[in-house]
Each structure stands twice: as C-alpha cells, then as structure tokens.
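> Sequence:
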Amino acid sequence: MKVANIESVARAVLPKFYSSDLHPESWQVFSTCGKRYVLTANPRVMVEGFLKDFLGVDLVLGTEIGSYKGRAIGFVNKPRMLVGKKKPDALKKTFGASQPKIGLGDRHTDFPFMALCKTLDIRVTVKDNHPPVAKKLIGQYGVLFICSHRTLLDPIFLSTALGRPIPAVTYSVYRLLEIIFPIKTVLLNRDRATDVAMIKKLLEEGDLVICPEGTTCREPFLLRFSALFVELTDRLVPVAMLNRMSMFHGTTARRWKGMDLFYFFMNPSPAYEVQFLSKLPLELTCNAGRLAMK
Numbered sequence: 001m002k003v004a005n006i007e008s009v010a011r012a013v014l015p016k017f018y019s020s021d022l023h024p025e026s027w028q029v030f031s032t033c034g035k036r037y038v039l040t041a042n043p044r045v046m047v048e049g050f051l052k053d054f055l056g057v058d059l060v061l062g063t064e065i066g067s068y069k070g071r072a073i074g075f076v077n078k079p080r081m082l083v084g085k086k087k088p089d090a091l092k093k094t095f096g097a098s099q100p101k102i103g104l105g106d107r108h109t110d111f112p113f114m115a116l117c118k119t120l121d122i123r124v125t126v127k128d129n130h131p132p133v134a135k136k137l138i139g140q141y142g143v144l145f146i147c148s149h150r151t152l153l154d155p156i157f158l159s160t161a162l163g164r165p166i167p168a169v170t171y172s173v174y175r176l177l178e179i180i181f182p183i184k185t186v187l188l189n190r191d192r193a194t195d196v197a198m199i200k201k202l203l204e205e206g207d208l209v210i211c212p213e214g215t216t217c218r219e220p221f222l223l224r225f226s227a228l229f230v231e232l233t234d235r236l237v238p239v240a241m242l243n244r245m246s247m248f249h250g251t252t253a254r255r256w257k258g259m260d261l262f263y264f265f266m267n268p269s270p271a272y273e274v275q276f277l278s279k280l281p282l283e284l285t286c287n288a289g290r291l292a293m294k
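Residue numbers (UniProt numbering): 1 to 294.
Since the hints were derived computationally from the structure, they do not count as laboratory data. Treat the hints with care, as some may be off.
[Stated by the list, open to error] With a cut-off of at most 30 angstroms between alpha-carbon atoms, the simulated DSSO-like pairs for lysine-lysine come out as follows:
1. K69 / K35
2. K93 / K35
3. K78 / K2
4. K2 / K101
5. K69 / K86
[What the hints assert, rightly or not] Now the in silico label distances, taken between C-beta atoms and shown as ranges:
6. E178 / H23: 32 to 42 angstroms
7. Y171 / D53: 57 to 67 angstroms
8. V196 / D58: 58 to 68 angstroms
9. P182 / G74: 51 to 61 angstroms
10. R123 / V3: 37 to 47 angstroms
11. C117 / L282: 47 to 57 angstroms
12. E283 / R244: 46 to 56 angstroms
13. G66 / Q28: 30 to 40 angstroms
14. L242 / E7: 16 to 26 angstroms
15. P268 / A4: 33 to 43 angstroms
Cβ coordinates follow ideal geometry from the N, Cα and C atoms, glycine included.
Please work from the sequences and hints to get the whole structure.
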C-alpha cells in the first residue's frame, strides 16, 4: 500500500473516531499550552493529520512504519514501537537539555516520560465546604484547624484546599523542611506556658493549623493527642486528612520523618483528601464550661 494512501485515509476517516475518544478534561489542559507535542505508540502517519489539523499539535513523535519507494512494507523502523522507556528516550532526543512543563498520560506505560516533565500531577480532593475567609474583628482569634496527622505535608495540602497559606505549629521540625516548605512553621517548646502564649499570639494574627497527635501515623486510627488546643479558642474546625500512595509509603517506625514527603512524591499518581468537618459548636467548647479532656 502506498504511504500516500494511508495518509489520505488517516485524514478523511480516522478523525471521526479519534475525536470521539478525546477526553474533555485532557483537552482543557492540552489546549492551554503554547507548544504541543504528542508521543504515541500509533504509527505517526495515521495520527499526524488529526493531531495537527484538529488539535493544533506542533510535533508528533510516533512509531515510524518502514517504506520502500513510497510504499509501506509491513515493518517498523527503529526504535520499533514507541512504548515504555522508548518514549522518554524520544523526548530527550527532541528536547535536549530543556524540559517539557506538563505531561499527560492515561496508563502506567506513560509514567517514564511523564517523570521528565516539570509539573507533577497530584490529585487533591476537598470534601465539604471549608470555612469562608471572614474578616477578623478586633480582639477576635483566627480559626484553629485541628488535623489528623498522616504526613508532614498535611498543613501544605490544607493550605492548598483553602487557597491561602496557613501557618502550622509542630512539635518537631527539620531545617531542610523549614527551607522548602511554602508555609510558615513554628516549633513548640513542650512547655505549657510558653506554648500557650505562642499559639495565642499566632491566633491573634490569623488562622492556624495544628496536628495534636504530635507524630505522623499512616494506620487507620488516631493516636492519643494533647487537649491543650481546645483551651485556647472556641473557633475550632476538625479536618480529616487522607493520603493515597500506590508504590512508596512512609512509615511510623523510628527514623527521619522528613523522608515521608519524598516517598509521597515518588509515587506515580499520589492523591490527598482533605475533609473539613463541622465547626465545633460553641456549647461544646471550654468557653462554655466544658472540660478540655471531654
């Protein structure tokens, strides 16, 4: 068969089938990019017409079919089928020292080339309506978010869900994490009087997040935690955190906890779930006469 005939059929017939299989969410991201490149295991001659004419693709990297004097001979040229590790190799050869910003894929064989892209896909799910940003009155404290503690990334994803940076207080913090964290972290001294004064001062400045368990736990239960936070304000919002990792997991064993976040980001498709629970009713707070332990 002539290669020209394959190109004609690809342009006249295949766009109908390709367009019906186009995911709207993927197109929404893809269409916003200035330069668009496609890596595919399909023969380039069969998809290039649709991709360039309908999707505005600049370059198509696909499997190259062998030809002789303008006729397809039934073989494919090296490096054969463009799948698995051959995709990142083709990407490196095309981009050289530069690096693509966004990578889209729909199967595990796409992970090798997606790892070369700058943008990391992390699915963040926010459940229930989070508290709106309210103007703080003079003398009024900010909201204290009480989080279950899955990893050291909990305060960051809570800030992501709220759309604004929320400072976090912690019982221990590593110098490296202080440098790379995009939010303010404050170290507790484990002295009651000092910690109370510090937290109250931070609440006077705005909202705050605290993980009262004091250490991370990836098992499906809560650890025993300090009730100190309930004595400081009556604006308490519990938040349930859940992370999903498919390959690399942190652990609650004695070691450097700072590695948990690196394990999390090493996963092919990590996910975080932030569930805002109802604000604690005023009649259930210490200001209403309730004991802190209750």
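> All hints are to be evaluated individually against the structure, with a verdict given for each.
Against the structure, the hints:
no. : hint                            : result
1   : K69 / K35                       : violated, 33 angstroms
2   : K93 / K35                       : holds, 17 angstroms
3   : K78 / K2                        : holds, 20 angstroms
4   : K2 / K101                       : violated, 38 angstroms
5   : K69 / K86                       : holds, 27 angstroms
6   : E178 / H23: 32 to 42 angstroms  : holds, 40 angstroms
7   : Y171 / D53: 57 to 67 angstroms  : holds, 59 angstroms
8   : V196 / D58: 58 to 68 angstroms  : holds, 60 angstroms
9   : P182 / G74: 51 to 61 angstroms  : holds, 54 angstroms
10  : R123 / V3: 37 to 47 angstroms   : holds, 42 angstroms
11  : C117 / L282: 47 to 57 angstroms : holds, 48 angstroms
12  : E283 / R244: 46 to 56 angstroms : violated, 36 angstroms
13  : G66 / Q28: 30 to 40 angstroms   : holds, 37 angstroms
14  : L242 / E7: 16 to 26 angstroms   : violated, 50 angstroms
15  : P268 / A4: 33 to 43 angstroms   : holds, 40 angstroms
In this structure, the hints that do not hold are numbers 1, 4, 12, 14, in rising order.
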